[in-house]
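Visitor: Residues per chain, in single letters:
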Amino acid sequence: MLFLETTPDTSSYMIAGYAIAFGVMLIYVVSLYIRSRNLNRDLSMLEDMDKNN
Amino acid sequence: MQKKPATLLALDIVSLILLGVSTYLALIFAPTEVIMGQVQRVFYFHVATAWVGMLGFVAAGVSGIVYLRTGDLKWDRVEMAAVEISLVFFFITIVLGSIWARPVWNTWWTWDPRLTTAAITELIYVAYFMLRQGIEDPDRRARFGAVYTLIGAVSVPITFMAIRLFRTIHPVVVGTESAEAQGGFAMTGDMKVAFFFALFAFTVIFIDLFWNRIRMGALADKVEQLKLKVMQ
Numbered sequence: 060m061l062f063l064e065t066t067p068d069t070s071s072y073m074i075a076g077y078a079i080a081f082g083v084m085l086i087y088v089v090s091l092y093i094r095s096r097n098l099n100r101d102l103s104m105l106e107d108m109d110k111n112n
Numbered sequence: 003m004q005k006k007p008a009t010l011l012a013l014d015i016v017s018l019i020l021l022g023v024s025t026y027l028a029l030i031f032a033p034t035e036v037i038m039g040q041v042q043r044v045f046y047f048h049v050a051t052a053w054v055g056m057l058g059f060v061a062a063g064v065s066g067i068v069y070l071r072t073g074d075l076k077w078d079r080v081e082m083a084a085v086e087i088s089l090v091f092f093f094i095t096i097v098l099g100s101i102w103a104r105p106v107w108n109t110w111w112t113w114d115p116r117l118t119t120a121a122i123t124e125l126i127y128v129a130y131f132m133l134r135q136g137i138e139d140p141d142r143r144a145r146f147g148a149v150y151t152l153i154g155a156v157s158v159p160i161t162f163m164a165i166r167l168f169r170t171i172h173p174v175v176v177g178t179e180s181a182e183a184q185g186g187f188a189m190t191g192d193m194k195v196a197f198f199f200a201l202f203a204f205t206v207i208f209i210d211l212f213w214n215r216i217r218m219g220a221l222a223d224k225v226e227q228l229k230l231k232v233m234q
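From first to last, the protein sequence lines stand for chains A and B.
Quick note on numbering: the first sequence equals residues 60 to 112 in the working numbering.
Quick note on numbering: the second sequence equals residues 3 to 234 in the working numbering.
Calculated from the structure, these hints are not laboratory results.
In this text, a Cβ means the ideal position worked out from N, Cα and C, and glycines have one as well.
Please note that a few of the clues may not be correct.
Have a look at the derived ranges for each label pair, beta carbon to beta carbon [as the list claims (entries may be wrong)]:
| no. | chain 1 | residue 1 | chain 2 | residue 2 | range |
| --- | --- | --- | --- | --- | --- |
| 1 | B | Gly186 | A | Arg100 | 48 to 54 Å |
| 2 | A | Ser103 | B | Met163 | 47 to 53 Å |
| 3 | A | Thr66 | B | Pro7 | 26 to 32 Å |
| 4 | B | Leu125 | A | Ser90 | 42 to 48 Å |
| 5 | B | Thr109 | A | Asp107 | 32 to 38 Å |
| 6 | B | Val128 | A | Asp68 | 31 to 37 Å |
| 7 | B | Trp113 | A | Asp107 | 39 to 45 Å |
| 8 | B | Met189 | A | Val89 | 21 to 27 Å |
| 9 | B | Lys76 | A | Ile74 | 27 to 33 Å |
| 10 | B | Asp74 | A | Thr66 | 31 to 37 Å |
| 11 | A | Ala78 | B | Met163 | 53 to 59 Å |
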């Protein structure tokens with residue numbers, strides 16, 4: 060790139076980078092939400108079972 | 003369903019706003035770097051995610067020490083939360099670095115000291131979860147995990163210092179870089195605004211996710227205890 064006279068078009072790499080960054084963050088946040096929801100569901104079910112015992 | 007504290011809910015919203023503003027600053031506000039073009043913009047998220055990744059690995063090591071001193075399983079939850087979130091952010095750092103390297107270094111990956119130590123750090127913490135999976139007893143698992151994160155935390159300063167101590171092509175943001183470094187650039191005022199705002203935004207996002215993850219760990223422990231009680 061040392062002898063380039065014009066700025067190269069590297070926008071596709073930038074788009075790919077930000078798409079992956081946001082994709083990974085979104086997957087993680089969704090996984091946190093799903094895991095918490097499942098745990099809350101388990102908790103209420105176990106509390107009901109505990110009361111019936 | 004456990005109700006989320008109002009402060010945490012507010013932090014969730016603030017984190018989302020900060021992420022939006024940081025994205026705007028990185029993609030629109032900051033000027034385009036002349037030599038590298040648009041790909042230079044990944045630098046803002048690359049450094050910010052690396053910062054919080056390393057922050058979490060150090061936080062896990064500190065939590066490990068506190069657990070070993072107190073024996074309180076609460077610190078094991080804190081440690082695990084820190085490692086999990088940092089793994090995600092550090093993975094983003096490595097991927098962004100690789101994408102940036104393709105047009106600038108003309109390769110997706112090279113076994114440069116910085117890239118190698120970063121990959122080793124990531125793998126060390128992947129192995130942390132594999133170690134935990136293999137131990138049934140909670141106290142033993144927490145003890146082994148604490149010692150492991152303590153030793154694993156050594157990889158953080160090694161990764162951080164790799165570009166300052168060894169001959170490397172990886173550029174340095176703060177400090178003197180190696181003569182072989184390729185892809186470095188002088189930051190303008192607007193670039194500095196985008197850069198420091200990204201560091202701040204990701205620190206807040208990290209704290210928010212950390213808090214959420216610790217709460218989830220506490221919930222998982224509660225479910226586990228109740229399960230044992232019901233089964234008796």
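Visitor: For each hint, tell me whether it holds in the structure or not.
Guide: Status of each hint after checking the structure:
The hint said 48 to 54 Å for the Cβ distance between Gly186/B and Arg100/A, and at roughly 51 Å that hint holds. Roughly 49 Å separates the CB atoms of Ser103/A and Met163/B, a value that falls within the hinted 47 to 53 Å. The beta-carbon spacing between Thr66/A and Pro7/B, approximately 48 Å, falls outside the hinted interval of 26 to 32 Å. For Leu125/B and Ser90/A, the Cβ-Cβ distance of about 21 Å falls outside the hinted range of 42 to 48 Å, so the restraint is violated.
As the Cβ distance of Thr109/B to Asp107/A is approximately 58 Å, the hint placing it in 32 to 38 Å is violated. Between Val128/B and Asp68/A, the C-beta spacing of about 36 Å keeps the proposed range 31 to 37 Å intact. Between Trp113/B and Asp107/A the beta carbon distance is about 56 Å. The supplied range of 39 to 45 Å is therefore violated. At about 34 Å, the CB distance of Met189/B to Val89/A disagrees with the hint of 21 to 27 Å.
The supplied range of 27 to 33 Å is broken by Lys76/B and Ile74/A, whose beta-carbon atoms lie about 42 Å from each other. Separation of Asp74/B from Thr66/A is about 55 Å and departs from the stated range, judged on CB atoms against 31 to 37 Å. The hinted window of 53 to 59 Å between Ala78/A and Met163/B is violated, with their beta carbons roughly 32 Å apart.
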